[in-house]
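Protein chains: 2
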Amino acid sequence: MDHLIYTPEKEIKVRIENLKLEINRTGLDGVIIVHHTNLFYFSGTSQNAHLFVPAEGEPLLIVRKSFKRAVKESSIRNIVEEKSVKKIMDRIIDAGFKNISKIGFELDVIPVNTYRFYDTKIFKSSELRDASGIFKGLRLIKSTWEIDLLRTACKALTDGFASVPGLLRQGMREVELAGLFEAELRKRGYAGLSNMRAFNQDFRFGNIVSGKSGSIPSYFDGPVGGEGVTPANNPHGAGYKRIKEDEPVYIDYTCVVNGYTADAERIFVLGDLPDRFYLAHENSLKIQDELISMIEPGIEWQALYLKAVEMADQFSMLDNFMGLGNDRVRFVGHGVGLELDEFPVFAKGLTMKFDNGMTFALEPKFVFPDGAVGIENTFVLRDGQVEKLTIFDEQIIKI
Amino acid sequence: MDHLIYTPEKEIKVRIENLKLEINRTGLDGVIIVHHTNLFYFSGTSQNAHLFVPAEGEPLLIVRKSFKRAVKESSIRNIVEEKSVKKIMDRIIDAGFKNISKIGFELDVIPVNTYRFYDTKIFKSSELRDASGIFKGLRLIKSTWEIDLLRTACKALTDGFASVPGLLRQGMREVELAGLFEAELRKRGYAGLSNMRAFNQDFRFGNIVSGKSGSIPSYFDGPVGGEGVTPANNPHGAGYKRIKEDEPVYIDYTCVVNGYTADAERIFVLGDLPDRFYLAHENSLKIQDELISMIEPGIEWQALYLKAVEMADQFSMLDNFMGLGNDRVRFVGHGVGLELDEFPVFAKGLTMKFDNGMTFALEPKFVFPDGAVGIENTFVLRDGQVEKLTIFDEQIIKI
Chain A
1 MDHLIYTPEK EIKVRIENLK LEINRTGLDG VIIVHHTNLF YFSGTSQNAH LFVPAEGEPL
61 LIVRKSFKRA VKESSIRNIV EEKSVKKIMD RIIDAGFKNI SKIGFELDVI PVNTYRFYDT
121 KIFKSSELRD ASGIFKGLRL IKSTWEIDLL RTACKALTDG FASVPGLLRQ GMREVELAGL
181 FEAELRKRGY AGLSNMRAFN QDFRFGNIVS GKSGSIPSYF DGPVGGEGVT PANNPHGAGY
241 KRIKEDEPVY IDYTCVVNGY TADAERIFVL GDLPDRFYLA HENSLKIQDE LISMIEPGIE
301 WQALYLKAVE MADQFSMLDN FMGLGNDRVR FVGHGVGLEL DEFPVFAKGL TMKFDNGMTF
361 ALEPKFVFPD GAVGIENTFV LRDGQVEKLT IFDEQIIKI
Chain B
1 MDHLIYTPEK EIKVRIENLK LEINRTGLDG VIIVHHTNLF YFSGTSQNAH LFVPAEGEPL
61 LIVRKSFKRA VKESSIRNIV EEKSVKKIMD RIIDAGFKNI SKIGFELDVI PVNTYRFYDT
121 KIFKSSELRD ASGIFKGLRL IKSTWEIDLL RTACKALTDG FASVPGLLRQ GMREVELAGL
181 FEAELRKRGY AGLSNMRAFN QDFRFGNIVS GKSGSIPSYF DGPVGGEGVT PANNPHGAGY
241 KRIKEDEPVY IDYTCVVNGY TADAERIFVL GDLPDRFYLA HENSLKIQDE LISMIEPGIE
301 WQALYLKAVE MADQFSMLDN FMGLGNDRVR FVGHGVGLEL DEFPVFAKGL TMKFDNGMTF
361 ALEPKFVFPD GAVGIENTFV LRDGQVEKLT IFDEQIIKI
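In order, the protein sequence lines correspond to chains A and B. Sequential numbering from 1 applies to the first sequence in our numbering. Sequential numbering from 1 applies to the second sequence in our numbering.
No lab work stands behind these hints: they were computed from the structure. Be a bit skeptical, because a hint or two may be false.
[What the hints assert, rightly or not] No more than 35 Å apart at the CA atoms, straight line, and that leaves these computed lysine-lysine pairs for DSBU-like:
1. B:K212 x A:K102
2. A:K155 x B:K212
3. A:K83 x B:K87
[To be verified] Some chain A residues close to chain B (C-beta under 10 Å, calculated; not the full set):
4. D2
5. V34
6. R204
7. Y219
8. F220
9. F331
10. L338
11. V386
[Unchecked claim] Rough simulated footprint, nothing fancy, chain A against chain B, three-plus residues with beta-carbon under 8 Å:
12. 63-77
13. 197-208
14. 222-235
On a predicted model such as this, the values are computed, not experimentally measured, just so you know. Glycine is no exception: its CB is placed at the ideal position from the N, C-alpha and C atoms.
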């Protein structure tokens, strides 16, 4: 990438129209969007602003900072500047909206004290209802525009993987390799922040672990942890361990370009690995291929997880599947988009079904006390076909 | 850094004792801490866990993931593993606690839906009260242990500044320099994530902007924005602009090592700058020196902002102080610790007073259409004296 990309007006128009259908279907008078991710999706800007989308009429973007920039970025025509959050309702009334009594709000991410401020100081004559399910549902199906942006992010990530043989040296610390690898992603347009919607799952770029570091678990809801560089603040991923010959170097990274989150993992090694790692890695690839063959519109999300577990059991590697022992996680993939933890999720009990336009990562992995192996790629289901977006050598890469 | 640092038991004991005084003073029966930052401060671990601190008795750490790691990291003696969040209250009762009716909770960061789950499913016989002010107040005064950790982070950041002359090349993109600079910080122990407590202010490492990029505002509540690489997800800081000769290269970065947040800024230039930038930069240094001379226990926080504005006005540079025109911010510094946006804050209306043990950044800066200059350093007030922790050449650095 070498320039900023703005969301086209027609893209925003379609999203707003779909949102208005949901507003009317659920009996709301409108929604207020303030968290930056949904705000960007529905307005094209993630400046400090509130987007009001009414059941009837044009949306109104009320900007606190930076107004100049929001005007440039958003195709929403009704934009006003308002430095005081307390006056948002005044601006909505100024725009001609009356009897706004039921307002949808993002209760999945707005903190309690912030909500109480809105409820008692700003929307005191209105009822704030949870609209987070509406936003999540609308964002589940990606447009061609979004899929193309995701493809660009996936290319940046695989180009990053291609740089690894030039970066990896025996004796360097995991965190040193991580810094150099991240620099490769940064210059390809990664802003350096991967978004997660879940509370308390703050996350940086990704995860580089070597050998036994692959079996160190963490707070994070993923199959592989890593020691990290501190028990504080995001204890996960690359640590101070020096990378040796003949141990798996597991690189699982996101790459967020133009807002869209690529997610993939590859295994590198200086020298070679014992056969048992190759066997486990081959099993991951078999699971991946089987899951890809199952995916089509109408298939339940949980079917992938159940099949993956069945295969891991057949391989006699269930205790190592998606983590080690007590720290195993109970899914085999997740949706990706503007956030890393979108729908679909491939876990037991999720009976929702695949449809065209869904974008997701599959990550069958095996963890052993002396290292982690496996595969992760980002995909899209479109026109009934699964397309892999992170195209890069899937074998263990010997350097 | 080359190894993980764990919080000593005596440090945790003092923090818990101070917390129990507050619990009793405010009439609570206990507090539940779940957000990773407070959790780390009071337990020494930031794994996926809940810490129950009762008004009377020993604290109980209930760990979801990873139990093994929490045991290693925390000096809390009562630790139990519990995979189901719904059973937290059962574990508290098992530990012998009865009549827990008023529980303090972190309502400043816990999302509404998460709170409602806790309120209706887990603590249905208890009342959840806001205890965020208690935690914020206790974390305001840093111990010698914490100050020493912050000093280590500050050293990593200034060592990063020392690497800039070796990295900066004419014609490279801002984001390319950012990646290489971040790699320098990463290998010195920066986990890659700067914590902010404020809602919707997601933040990455920091900000490298050159020339006119310094005047591009952003959503972020700081004096300098920057174009970033996308209008989505954190549109701030380094962009695709190529760095030229004879324009200011403004580098304002956090460096979080062992959990503690250093924050400093320096100006570099390939070639030289017009005199007016040197004049503005000199004015920033004069404001910094004047503010340092004012700080002592008992001085109101707002006094620093009022003095800074008065001086900027005397310099006839008020319209450029802390931002440009409409996008100026109304503070001249902020507390730093486990988070970037701690108390104290130096802004009008904040009449709280300085005390020993406070750690903070001062950042008098001037922004012009063709570039930003100024200074930022991290300080501690101890034994009545201000000590600068980010010691590095403060003049504009010509390369």
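Outcome of the hint check:
| no. | hint | in the structure |
| --- | --- | --- |
| 1 | B:K212 x A:K102 | violated (44 Å) |
| 2 | A:K155 x B:K212 | holds (30 Å) |
| 3 | A:K83 x B:K87 | violated (44 Å) |
| 4 | D2 | holds (5 Å) |
| 5 | V34 | holds (7 Å) |
| 6 | R204 | holds (4 Å) |
| 7 | Y219 | holds (4 Å) |
| 8 | F220 | holds (8 Å) |
| 9 | F331 | violated (14 Å) |
| 10 | L338 | holds (7 Å) |
| 11 | V386 | violated (26 Å) |
| 12 | 63-77 | holds (count 6) |
| 13 | 197-208 | holds (count 6) |
| 14 | 222-235 | holds (count 10) |
Checked against the numbered hints above, the structure breaks hints 1, 3, 9, 11 and satisfies the rest.
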